[in-house]
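Trainee: Using the sequences and the hints given, assemble the complete structure.
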Amino acid sequence: MTSPATTPAIRVEGLTKRFGEVEALRGIDLAVAPGTVLGLLGPNGAGKTTAVRILTTILRPDGGRAEVLGLDVAQHPQAVRETIGLAGQYAAVDENLTGRENMRLIGRLAHLPRAKLRPRADELLDRFGLTDAADRTAKTYSGGMRRRLDLAAALVHRPPVLFLDEPTTGLDPASRSDLWQVIGELVAEGTTLLLTTQYLEEADRLADRVAVIDHGQVIAEGTPTELKARLGGTVVDLTLPDPAAAARAAARLASALGLGARLDGSDLEVTVPDGPRTVVEVLRALDAAELAPVGLAVREPSLDDVFLSLTGHRTEADDPPGDADSLQRGAA
Amino acid sequence: MTATTFPSPVAPAPVAPAPGAIRSRSPRGYAVGDALAVTWRNLLAYVRLPELLVFSTIQPVMFVLLFRYVFGNSIALSDPSIAYVDYLMPGIIVQTAVFGAAGTGIGLAEDMAKGLIERFRSLPMARSAVLAGRTMADSVRNVFVMVLITVVGFAVGFRIHGGVPAYLLALGLVLLFAFALSWVVATIGLGAPNGEAAQAAIFPMLFPLTFASSAFVDTSFMPGWLQVFANHQPVTVIVNAARDLVLGQPVGWGVAASVAWSLGIVAVFGPLAVRRYRRAA
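Chains as they are written, first to last, in our numbering: chain A, 1 to 332; chain B, 1 to 281.
Read the hints as simulated data drawn from the structure, not as lab findings. All residues carry an ideal CB built from backbone N, CA and C; glycine is no exception. Take these hints with a grain of salt, some might be off.
[Said to hold, decoys possible] If you want a taste of the chain A side facing chain B, the calculated C-beta under 10 angstroms gives, among others:
{"id": "1", "residue": "E13"}
{"id": "2", "residue": "G14"}
{"id": "3", "residue": "T56"}
{"id": "4", "residue": "T83"}
{"id": "5", "residue": "G85"}
{"id": "6", "residue": "V93"}
{"id": "7", "residue": "N102"}
{"id": "8", "residue": "A110"}
{"id": "9", "residue": "A154"}
{"id": "10", "residue": "H157"}
Mentor: Structure (structure tokens):
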């Protein structure tokens, strides 16, 4: 993906990290070209947060290398910290401070000159739609506002490389799309971004390339289009009146159209290569066999579908209850 | 802001600086400024949560009244020439500082649980600032509470017999001890998953230190085995030094012993707390 001439803004080689019994990272490789967005996609406990914590110098790796703008995170952590911004999963804002005070605190700790602190804070608060709430304590903010404040704080020292750890997890759809828009603007301005997410839709919307991570390993990498193409594009969920009809429908689709279907009781999940056009053919084939579905839904593949196709297991089902991301908090 | 175009938040086309050419000032150069920024942030919490200040002031006032009027008349002193209220006040001041130190550990545990420490650790700030800012803010609160207790003490009959400079020296010894203790509780707090757990871990340690001491009672009336602990543990050393200063009695090695205890505790727990902070996430 990168020509030899461009140094990746973020480079990770053979990175490993273990917490006691849990191998959080088992040798991952990543490269993010300057000004592009890499989406790190995976379920809880896959190792996404661990990778971000190592890249942001919060954790030290056990093995392998991680570099930000050519600087090794283990050898030059202080220099790395000056070039990065981090907004974590927990909207790390101080609830007792106002929005403006939070910005001022992070700006001071990022060593922004005092004269620039105030205009920079005002500019970011304005940009993130927080001007009216700037002098209220963050305790009174909604979840979406806290995330926006957290992101604004991460940008206060104009970091050329930004890390966002599940920036929209737990947000309502409106707040999520607000945040997507702001992130999109940052990227358009040239920020290099590494984003972790559990949502394919989010990776699709924001990322130039996506690395799918599971059990501490990168199991697939490519553009969102490539990944979805590997899945066959669109998923058609059909419900038939009874399991017998569903079984006949599956057989019919296989013989008439060569489509594979996953059967679950009277439900049928068909992955089709070219979207709506095939849906018409699916319905024609069923109609010809005098099978009338009682339910029909057409959707984009979810992360769960990506996972199922790449690993053969669902994202939630075989996750150990104490996953790596939550274990490492406790292990402190 | 009236700007119609946003300056780009990034340096255009980021180019990796050669590692040798990094212009960053060493984090130590920022240590004071960063610690002050964090101190400011912690003190703002008292403004925003007045109940925090109320609780940290009402409790010592209650202790003053409780021991002065409820228990005081039943407590025997080996030197009957000393008024119990004068005996009591240095003890209350130390007890308040010791209990107040718990706030350092609880606050740190809460900052960890909320992800604030993680954000701080990704910033180019001095590594010591989070801990130093916490202990400095607590020292400011301690000064405030000490002044308040002194006023309340005067209202219930407390008098300084050793002169104002000696009294200020006594307060200084207690402040230094509180500062030292806050590194101990910081070490505990940084290992706790949340504020409640930190509180549960810290108070069982602070209680025996405070009450099995000379803070409220004369240790010579304790059982012999307890005297061994009570007479040699740091709270008693600090209380005795502060009390001798307040009562205008010869203090001997008390001041030196107090300072030695405090510095010794910082020397052991300062690095431990910093190490835990570096590793915690």
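Trainee: Now tell me if each hint is right for this structure.
Mentor: Verification of the hints:
1. E13: Since the shortest Cβ distance to chain B is 16 angstroms, the answer is violated.
2. G14: Where the cut-off is 10 angstroms and the nearest Cβ of chain B is about 20 angstroms from G14 of chain A, the hint is violated.
3. T56: holds, 4 angstroms
4. T83: holds, 7 angstroms
5. G85: holds, 8 angstroms
6. V93: holds, 8 angstroms
7. N102: With a closest approach of 9 angstroms, the N102 of chain A hint holds.
8. A110: holds, 6 angstroms
9. A154: holds, 8 angstroms
10. H157: holds, 8 angstroms
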